[in-house]
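In order, the protein sequences belong to chains A and B.
Residues in the first sequence are numbered from 1 upward in steps of one, following the working numbering.
Residues in the second sequence are numbered from 1 upward in steps of one, following the working numbering.
Since the hints were derived computationally from the structure, they do not count as laboratory data.
Because the structure is a prediction, the values reported are computed rather than measured.
Any given hint could turn out to be false.
[Stated by the list, open to error] Some chain A residues flagged as far from chain B (calculated, every beta-carbon gap over 12 Å):
(1) 26
(2) 82
(3) 88
(4) 137
(5) 160
(6) 188
(7) 192
(8) 284
(9) 307
[To be verified] Rough simulated footprint, nothing fancy, chain A against chain B, three-plus residues with beta-carbon under 8 Å:
(10) 114–120
(11) 194–207
For glycine and all other residues, C-beta sits at the position ideal for the given N, C-alpha and C.
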Amino acid sequence: MRDAITLQTRAGHWLVALLVLGGLVFAVVGFATGDTFYLRLATEALIFGGLALSVDILLGYTGLLSLGQALYFGLGAYVSALALIAWQSFWAAIGASLAAALVCGLAGGLIANRVRGVYFALITFGMAQVLAKAVYNTRALGASDGLIGVPVLDINLGLFSVSSASPVGFFLFVLAVTVLFYVLAAYLLDTPFGRLLIALKANENRVLFIGYRTSTLRLGSYLVAAVIATLSGALYPMLRGFASPELLFFSTSGNAVITVILGGVGTLVGALYGSVLLTIVKSVVGSWTEHHLIVIGLIFMAVVVLLPKGLMGLVQPALVSVLGRGSRR
Amino acid sequence: MTAVRPVLEVADLSISFGGLKAVDQVSFAVERNRVTTVIGPNGAGKSTLFNLISGALAPHRGHVLLEGRDVTGAPPYRMQAAGLARSFQITSLFFELSVAENLRLAAQVLEPRVKLGLPVGSSAKARTRVQELLSQFKLDEKAGQIVGELSHGDQRRLEIAVALASKPKILLLDEPTQGMSHADTADTAALVRSLSNDVTILLIEHDIGLVMDLSDTIVVMHQGRKIAEGAPHAVRADQAVQTAYFGHA
Numbered sequence: 001m002r003d004a005i006t007l008q009t010r011a012g013h014w015l016v017a018l019l020v021l022g023g024l025v026f027a028v029v030g031f032a033t034g035d036t037f038y039l040r041l042a043t044e045a046l047i048f049g050g051l052a053l054s055v056d057i058l059l060g061y062t063g064l065l066s067l068g069q070a071l072y073f074g075l076g077a078y079v080s081a082l083a084l085i086a087w088q089s090f091w092a093a094i095g096a097s098l099a100a101a102l103v104c105g106l107a108g109g110l111i112a113n114r115v116r117g118v119y120f121a122l123i124t125f126g127m128a129q130v131l132a133k134a135v136y137n138t139r140a141l142g143a144s145d146g147l148i149g150v151p152v153l154d155i156n157l158g159l160f161s162v163s164s165a166s167p168v169g170f171f172l173f174v175l176a177v178t179v180l181f182y183v184l185a186a187y188l189l190d191t192p193f194g195r196l197l198i199a200l201k202a203n204e205n206r207v208l209f210i211g212y213r214t215s216t217l218r219l220g221s222y223l224v225a226a227v228i229a230t231l232s233g234a235l236y237p238m239l240r241g242f243a244s245p246e247l248l249f250f251s252t253s254g255n256a257v258i259t260v261i262l263g264g265v266g267t268l269v270g271a272l273y274g275s276v277l278l279t280i281v282k283s284v285v286g287s288w289t290e291h292h293l294i295v296i297g298l299i300f301m302a303v304v305v306l307l308p309k310g311l312m313g314l315v316q317p318a319l320v321s322v323l324g325r326g327s328r329r
Numbered sequence: 001m002t003a004v005r006p007v008l009e010v011a012d013l014s015i016s017f018g019g020l021k022a023v024d025q026v027s028f029a030v031e032r033n034r035v036t037t038v039i040g041p042n043g044a045g046k047s048t049l050f051n052l053i054s055g056a057l058a059p060h061r062g063h064v065l066l067e068g069r070d071v072t073g074a075p076p077y078r079m080q081a082a083g084l085a086r087s088f089q090i091t092s093l094f095f096e097l098s099v100a101e102n103l104r105l106a107a108q109v110l111e112p113r114v115k116l117g118l119p120v121g122s123s124a125k126a127r128t129r130v131q132e133l134l135s136q137f138k139l140d141e142k143a144g145q146i147v148g149e150l151s152h153g154d155q156r157r158l159e160i161a162v163a164l165a166s167k168p169k170i171l172l173l174d175e176p177t178q179g180m181s182h183a184d185t186a187d188t189a190a191l192v193r194s195l196s197n198d199v200t201i202l203l204i205e206h207d208i209g210l211v212m213d214l215s216d217t218i219v220v221m222h223q224g225r226k227i228a229e230g231a232p233h234a235v236r237a238d239q240a241v242q243t244a245y246f247g248h249a
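If we strip away everything but chain A, and leave its shape as in the complex, we get:
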């Protein structure tokens, strides 16, 4: 007997492979045409895809709606920017961001997980607002102007190094990192720990009676999501050369939630496709009119009404049935 959840995860792997293939083609085309703008834009889409992925772990698997995931994204961006300015080292920036993610994720998780539902959403929103306002008013962090002057850097990967200034090179690097986040999340969610998160979403009370401390499970999920959001944020100043307080604002958190709903809640891969789609829509519609938010709002409403399972709801069930047939043979 095939396990339905494992099959669904596997269908996701194929869709990620397709995304990578698309990314590689895009990189080749971009390289051949000497493009910078679209490669940079696509890199940004992937970085925000990582943030959306973290929202999906909470929303799609654990059943927790965070309206403040930008807290960790912005945290990563600022810590990474500061570390890059101080040490010009990629690994120092990642290490510092990871440490910050663990400490702040644990603290934030202990606070936010005291409550459920709407209250959880409000507390996560509130915590992000507090940090956003604090950063916005701190001169040492550039205040409302943001933290500028992040140096171009060579990312030393042992065998070779990638310059953050190279549009193709850095795009491919971010593509690899995003896939790594996906693999990590997909692995974790197909372990008994991950299944318990799904069970939490379905019926938290029963999880308690089958022998698990639900507060620990929720904290675990929150921490994983915090780490992925922070590390995604850490890539941002490498791309743009600065970190701005907008990264901490509600618009960032809200966009991540919209991204997940567009792509398909509880699919992981939907977060990545959703981010690419949203970026395309923004830049295409944005070139016609500056009121592109209206268009995005309409698209969002249409998806919620017509495609409650998002984009992935269109393709994943078919893929699952194909894979299910293949494995039974």
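Start from chain A and add chain B according to the hints.
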């Protein structure tokens, strides 16, 4: 006779909500591999008693002893680890997940903790347990079905199977036949009887006819208090029970 320690002992257990003494100084013991049934009219405090024993509520007074160990007020997951599992009167399953996945989730505690972080496929003990339960509860053919789509009777049986998955020492069943048809009720009674070979059972039941044949010991509750305890025929003849149930002496 050498005293064999009862699996579960409840002593002086009490809780009140506001002024209402929902459970009031209730004491009894549950012997190994027996079926002990708690009966009583609506509002007698049976479900509250279960909530106190299973850790859903902490008692204001009294003790709960599992195999002699004081577990009073421990949270449900600790009770579970100590060998106590329960089912619910209102079916409480993972309705969006498959029958097999519901059982697998509950059987996972049979595995060492480190397996929580390894792929699901590597938990062989849990998988074996799921197969056992599927055939024991005649759910093989429905293994892949989503629980929300099962019939009420099947959901009620799965409710018991999920509680049993961890191989508990004592199983608390809260009205397992709730809302069942006549035929399903008889099947469930037979099922509970067969389970009692391997596990001690504490049952809450409404249907007095059913519990007479099924139980070794009956505890009768009325308005939060225990008013009688004993073998089925003795309890049936008890004056206090007659009064509580039928309102005449």
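Status of each hint after checking the structure:
1. 26: holds, 32 Å
2. 82: holds, 33 Å
3. 88: The claim holds: residue 88/A sits with its nearest Cβ about 36 Å from chain B, beyond 12 Å.
4. 137: Consistent with the label, residue 137/A stays out of reach of chain B, its closest Cβ about 41 Å off (over 12 Å).
5. 160: Answer for residue 160/A: holds, closest chain B Cβ roughly 32 Å.
6. 188: About 8 Å separates residue 188/A from the closest Cβ of chain B, which leaves it inside 12 Å; violated.
7. 192: Incorrect as stated: the minimum Cβ-Cβ distance to chain B is 5 Å, not above 12 Å.
8. 284: holds, 36 Å
9. 307: holds, 19 Å
10. 114–120: Contact hint for the segment 114–120 of chain B vs chain A: holds, 6 residues under 8 Å.
11. 194–207: violated (count 0)
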